Structures are given as structure tokens and as C-alpha cells.
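Residue numbers (our numbering), protein chains in the order written: chain R, 1 to 235; chain H, 1001 to 1351; chain B, 2001 to 2402.
Check each hint, because a few of them may be wrong.
[Claimed, not checked] Okay, the calculated beta carbon distance ranges per label pair:
hint: 1; chain 1: B; residue 1: 2011; chain 2: H; residue 2: 1066; range: 38 to 46 Å
hint: 2; chain 1: B; residue 1: 2321; chain 2: R; residue 2: 134; range: 26 to 34 Å
hint: 3; chain 1: B; residue 1: 2138; chain 2: R; residue 2: 126; range: 53 to 61 Å
[Claimed, not checked] According to the in silico footprint, chain H covers these stretches of chain B (three or more CB under 8 Å from chain H):
hint: 4; segment: 2004-2013
hint: 5; segment: 2228-2238
Calculated from the structure, these hints are not laboratory results.
Since the structure is predicted, the reported quantities are computational estimates derived from the model, not experimental observations.
Yeah, the Cβ is synthetic: ideal placement off N, Cα and C, and Gly gets one too.
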Amino acid sequence: MPTTIENWNPGKSESRHPEVAYEVKERLFREARSDSRYHEYLYGCYECGICVSACPSARFYEYSPRVIAQAMAREDVERVYDIIAEDIWNCAQCFSCVRCPRQNNPGGLVTLLREVAVRNGLQETKDVLQGYSRVIYKVMLKGNQVSPDMLQPDLFNDWGPWVQQFSANMPIWKKAIPVDSIRGVTDAAWKVDRKTLLELYTIWFETGSLEIIKEVDEGLHDLLVDIMQEELEEG
Amino acid sequence: MSSEKILIIGGGPAGLEAARSIADLGGDAVLVEKRERLGGTPDSEGYAKLTHHWLDASEVLGKLAAAVTSGKGVDVKTKSEVKKISGSAGSFKVEIDASGKAESLEVGAVVVATGFQHFDPGRATQYYNYYSFPDVITLTDLEKMLKENKVVRPSDGQTPKKIAFIQCVGSRDRQVGNEYCSKVCCGVASKQAVELREQISDSKVFIFYIDMRMYGYWEPQIYWQAQEKYNVNYVKGVISEVLQKGNQLLIRGEDTTMSRPMEVTMDLVVLSVGMEPSAGTRSVAQLLGVQQNKYGFIEAGGATGIDPVGTSQAGIFVAGAASGPSDLDDSFAQGGLAAARALASVRRVIA
Amino acid sequence: MTTTIEEILERKSHAVMRDPKLAHTHDIHESLLELEAKGEIILQRVPEPYAEVMTKYGRTKKIPFEHTWHHKSCGQCGHIPGYTSSIFWLNRQFKFDYLDPTDQTSCTGWNYYASATSNKSAQATVMARNFATAYQAGYYPLIHCGTSFGHYKEMRELIVHHKEVRDDVRRILDKLGKPLVIPEEIVHYSEWVHVMRNRFAERKVLDLSSITATVHPACHYHKVVAEDAIYDPDIYGGQRMATVTATLKALGINVADYSTWFDCCGFGFRHILVERDFTRSFAVQRKIETMKKEVNSDLVVTHDTGCVTTLDKSQFSGRAHNYKVGIPVLSDAQVTALALGAHPFRVVQFHWHSTDWRPFLEKLGIDWQKYWDEFQGDLEAIRAGTKSGVTWADADQPVSYR
């Protein structure tokens, strides 16, 4: 809604996403605000700028952890929505910002906002995470993350000719590692017992993690649920 | 046995003012000071000019001390410490170590004026590297050099051309624990910035701050003067790191006005360190059994809650930085008020 | 009669001894003991023998020497296995009792920080399942990865201070037949290397005095729950983490400072996979180039998975764009193992590193070709089927670099 003398709120921003209803934005804001970690992540902010000074993303992107803390503190629903839609995936989650003298944790606020974005299946978030689904698949299913067989030359050609050499030799190089749990394993980082995997799947189901993935990538979710349920039934 | 004598612990500005006031009002005081000299922290740290009209600190303290030592009514004991105290308002029994000799006293009231110490920059949350790089100094280090009119880089003895002040070091900081504002550092840093501009004519001086505390007359006298007459650069955005780059220092912060991170080299960096309770304040508070606040300062407020010199114990009063960050006006005012209260306390008891 | 400058320098020369009584943070150990007393958790004590180190605000932390359950790093085991094999090799040199478990999962912190496709209960329970498993095996967890270490410190705070998370974790662990166990200390492997550093130095077979190294401190090691990291008055006056730097100094390596010491390497969790221009900019321009220009170090040493990978793999594109790069990257365990005579390929696994390590080995006077040929021999035997793989039997014996 356009700003007029009647509805202008000092400290609140003009909307960059008028296509999204205010009620939706408010609900998302409340969701982040009501997380039990919120009061540990945001006290007050006196805009000292230390968080921005320490932040790597602030040097590379148009990004400011200070603005995120301020927007949350001021309950600037419009601005917070813009941040969720445009900024939160720039954060490197390095927590350099935790140097804040008020003991705020802007990186932690980003985590909360990301969780809200993911849980609600926001389109911008889905777009950002599209290239990332292989990792989610691996994490959920194998209890590991990026495995050696994921280092494909065409995906990592900026790492140089070494990747070609690696890719060609990987299976045999992997046999030449004396560590018993990792020798010969190519589809995961180390060998994980079946019982452990079943325990992991139980954790995913019990904590609703798969429901979260459903919002981001329904196909991936269905595949994971099928595999995990089958494995758990087998026991 | 009740007594009309008043014990003053600490011979800095607040203690000296209390002693002088008691003497002026015809009272009887004993002043116990740990150091050999009177004058407190402004003396031990060699303060040069005070923010009050740029008066010379040594002169001011000298006059104050002289008023106490030359007149009657104050028994001054330097190189002395209070070791033990018992009793209650009107009748305290005190044991002192007076220059190596044990002495016993009976007093009717106590004024605690044990003051503060400067925050140790090694405990700062940000990475200022005070103990690694010679050219990172504190306000008191700079004050010593300003007093001699010889400000140089400790690393190579060269005159610095670009100097940065970093405000709120050790204050307003939940991670350090000193959540309070130390009150004087903004005024002192600005005063020093002006002195630098006067002493080094081609210098560029920067002050990196969160807020500028310019109470009362400091605003036109110090802040506006610094900006308008001396071109001191005030940047809103405090520094998070001081690194070494070649033979200069590299400071990193956010210029919040421009809303972007900034990195710039400096020749000298000055940390505006805040106030903390002195070791004397901590130990004397324990000895006397008066309540301390969560920062270790003596809790003031007294019976009414708004008495700046009242403590949790009747007959024991606090003046100056022993109860929290204070400027000189606070110390003098509270010294005088504590003197009045202490005299009233002993005279009422006897009368 | 000292001058003012001498007075100032004298005041600045005293190492800072932090007084733990002035520490403003609540000591988490107190909360853990309270929870143990109430029967809410099992508090797994650090086994003897252990060493005590100082943390940021002057408190002490216990670091065990052995009986450790090796909580491996998913990134490293995937990409820089030398990081992992060096840690085990060092343990084996001292015949320490340890476990290399197959019932361990990744902490999944990488995924959480990259995509947030998880929640606090899941993350806390994954940690608790690993800790319970170590406890049930009778071993004490030693965390290999910097991210895991930081993440677990965060999860520990969550479990201790949020009853609803604790109850949820316990509910799920009950289903798995596991108790809710929190170890007395969360210990990173570089802290173990730190307390062992002098014993390692005694067994050096290489002279490292010609090497200048620059240290990259892992963000998740010292920035997350900042109190819990090793600080030492002899290292940077207790103002920066002592871990890694103290180890290198004990080995006789020259450690040089540089102006972007505190910068993140740019790993970014998600960025290194799908937005690598961000990662590259940081790794190359802020870190490697700065080290090269200011110090021209022979080696970069760090103590985390993501950092080794980022700093090592990003340099190729830097070179292609004419940035000044080309410094090999190793973990502190890899350097230490090399110093004690670990085989460069069977143990340190140099061939998985992208940035050229040959000049570094040559500077140390190591005939790497000889050891590469030996290793090629191993690979031939594996291909021929006469060997199933390289084992500890092949790798335990230190090589003599004489």
C-alpha cells in the first residue's frame, strides 16, 4: 500500500514485495519471533556496526547483519520479508558477527529466518536451494554429506585439472587410505553401519525434518520417505 | 565509645574534597591513602589537561591537596591502608597499617573514596591487539605523551599523522560484563583529539564511536570546537579489529553513514578505555561489608534509594568513582555531600 | 629514569592473565552438574590421563590423551583424507587406545548451515545420538571437524538452556534405546594436538626451521561460543586462540602474522558448492594473496575441514586470473605427522591436495618422488589384486628422511 501521511510508520520500510499480502509477511515474522532461541539472538542494537565490520558477506554482497538486527528489533515486517526473500542466503554462517557487544547473534537470526523460509516453501528459497538437493539427499540417507563420488569434474572445473586427475583415480586412491572406516568407501565419507542409518532415519521422522524438505523439494521428499520407510520396515 | 572523627579512605579528588569540606565545617578527619602521593588516579596516571576549560591537572590537584595538608582538621596518612574495621555508625574501630606501623583508631563515620582503575584492553571483546602492536595505546598512554608535548609512535619514535580513537573499549559491553557507560571517555577523547590537532598541525584525527556522550557544556565547548575549529573526523561505527600492515596499523569497522564496511590505515590507534572498580574499591567494600553492585562498584542509593553517597550501611558513605563511573564534577560534588552527611551523622549521634 | 615511551612499552609487555572470577559468562559446567544431579543427563567425565588448558576467560578445560572415540569429519574423509589419517597415525605412534567408529553419523552441521533444512531438535538429537554411542562404547568423543565442534558447542547450550529441546531429544533417544549423555568437555582434535605438542616435538625427524607458516583460525572453532577455545598468555599475549600456533612453534616452525588473520576463509557451507565466486574471492583475495604479499609463507596451516578444502582448492582459479597464490595448505595434524616421519602419501595423502606441495617438500629436502614411486607401487599391487588396500601395517612405520 502506498505510503501516506496517515499510514507512515517511522522506522518501518516501504515494501519491495507488494505482491505478497501483509498478513503473510506478518505471519512469517511472528514465526521467527516466537522461536525459543530468539531472545538469545537479539537483545537491543545501538548500531555500532561491529557485525558488519566482521562479516565476509558484507564485503561481497549488498548485505548487512546490522540491518537485519535492526529490522527484527523494530518489528519492521516489510523489511524483514525483503530480507527473507533476498538476503538470508548471502550469510556465510561464520558467526564472526557474534562479536556484538550487546551479545546479539545476527547469524543466528539468519538461521531462524532461513528455517521459516524453508518451512514455508518460499519460492526464492526453493530457487536458491535447487542446486543443492544432492547434498540434502546424501545427508538424510547416508548420515554423511559430500562424498567423493560427488566431486564430478564438470561441476568443479574451477578447481583445476586436479579434479580430472582425482576423478579418474578416486576409487583406487580411496583404497590407499589406512583408516579402516574410510578405506574403499566411495559413496560416503566413511562406512556407516546399517543400524546407525536406521537410528538416523528415526530421528528425521521423529523431528519432522522430512516434512521440512517436502516444502523445498517435494520429489526429493517423496523419494527419501519411500527409501527410509522401506529400510525401517526391514529393520 | 562514640567518636566524632571521620575516616576517609582514598586521597583522590573525591576524598580530598571530602576532607577539605569536613575541615572547613570545623570537623575532624583522618585521610588514609595507599600511595605516597595524594591526587588519586589523575595523579598516578599523569593526566595533563582536564576537560574543564583545559585546566592543568597537576595544578588543580596540587591546590586541592595543599588545601588539605596545609589546613587544620585533617590528619593525612599516606602509604597507609585500612586493614580491619568493626563496629557501627557512631562508633567504628579501625586498624591501619600506617607506613609499616600498626595503628588503631576510633571513628564515628567513614567515607569511601577508593576510586576506579582503567579497563585493561586485553579483556576487550574486539581484537585490538594492545599487547601485540606497540602503536596501539590507551587514553592514559596518550595523556602522558600530550603532557610532555611529545606524541610519537612507540614503535619507531616517528610523529604520527593519522590517529584514530576507538570509543567504548570495555564499556557498554555485555560480553565483557561492563554494561554501563563510563561517562568521561567521549569528552576525554575529544579533548585529546583537539590537543593532537594543536600539537601536530598536519595530523588527521578520527574518532570512531557508537554514540557521542557530550553532557551539558561539553557539547559546545568540546564537541563543536573539535568538529568546527579543529576538523576532528567523527565516524559513527566502532572498530572491530586492529591489524598490522607493513609499519602501519590497519583498522576495520563499518562506516554506518555510508552503510558499508571500511578498512583504513592509521599511524597510531588510541583505545578509549572505560572505568572499572579499583582493586582498593573491591577490597575495602569487602572489609566494610557494604553492598557492591554486579560490576563490583559500591552500591550507592542509601536508605532512600536516591542518595548518591549513601551505602547499605549506616554511617558509611561513598564518594566518587568508587560507586560508578564519575567525572570530576561528580567526585567533587559527592565528596562535599558525603562530608556533610558524615558530619551530620556523627554530630546527631552525640547530640 | 625511564622515558614515557619506555613506560608505555613496559605496560604493554605484560601477558594478560585473565581472572576467571571476572568472567561474565555463566560457566556451563555448573549447569551440567545441576542437570546431572537432577538425573536429567549423564555427564560423561573426561578420562584420565588428561591435561588442563586455559580458555578465553581464564577458566580451565580438560583435554584427554587417549580412550577417544573419533568423531570424524564428513568433508575431510571425503576430500582430504590425510587430515583424518594423520590424526589416527599420531595416536598410533604413541600406542594410544582409541576407536574409529562405524556407528558415527556426520554432525550434519554443514547441511544445517547451508540450507536450514532441519530444526533444532533434529540437530540436537543427531549430536546426542553420537555422544550416547561413544559413551555406550566406553570411549570419549574427540571431534575432528571445526564446524562440528562449533555446532556441538551451540547444541550443548541449546540442550542445557531449553527444556523443551532437552525433553524432545530424550524422547527420541528413548526410542533408540540410548541415554542422554553430555560429555564434560567438547574437545576438538587440534586441542589434543596442542596438549601433545611437546611430546610430538621430541620425536621430530625433520628440521622445520626453514619454514614460515601462516595460521588460519577456523571460525567455528573460536567464534562460536567464543569462551570455549584454548588461550595462552605465551601466544599473542592471550589475545588470540593459541591452538595451532602453539603447536607449530613447538615444532620449530616460524609463525608469521598477516593482516587478515581474523577473516573467514569463505567456505560459506552452501557457497563452496553452488556459489563459488564468493568463496574464491575470500580465499584468494582476502587470505592467500594477503599471506603471499605480506609474508610469502611456505605453508598455510589450519584445523578445520572446510578451511583446508576452501583454501587449497580455490587457488587454481586464482592463478588462472593472475592473483598471487600458490601456498600449500595442510592441517596441523598433517604437518605434525610429516614432522614425525609419516609417509607423505600413505599417511599425509598429499595427492588429494590441489595447490602444489612439491616446492614445500623440496624446501624440506624431502625426495618426494621416491615416496611417490613407493605409493604407486601400492596402487599397482591393489590394481593387480595382490593387495586389498593400504593398511596401518604399511603406514605405521615412520620413514627416515635421512
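Identify every previously stated hint that the structure contradicts and give their numbers, smallest first. Per hint list: 1 and 3 violated.
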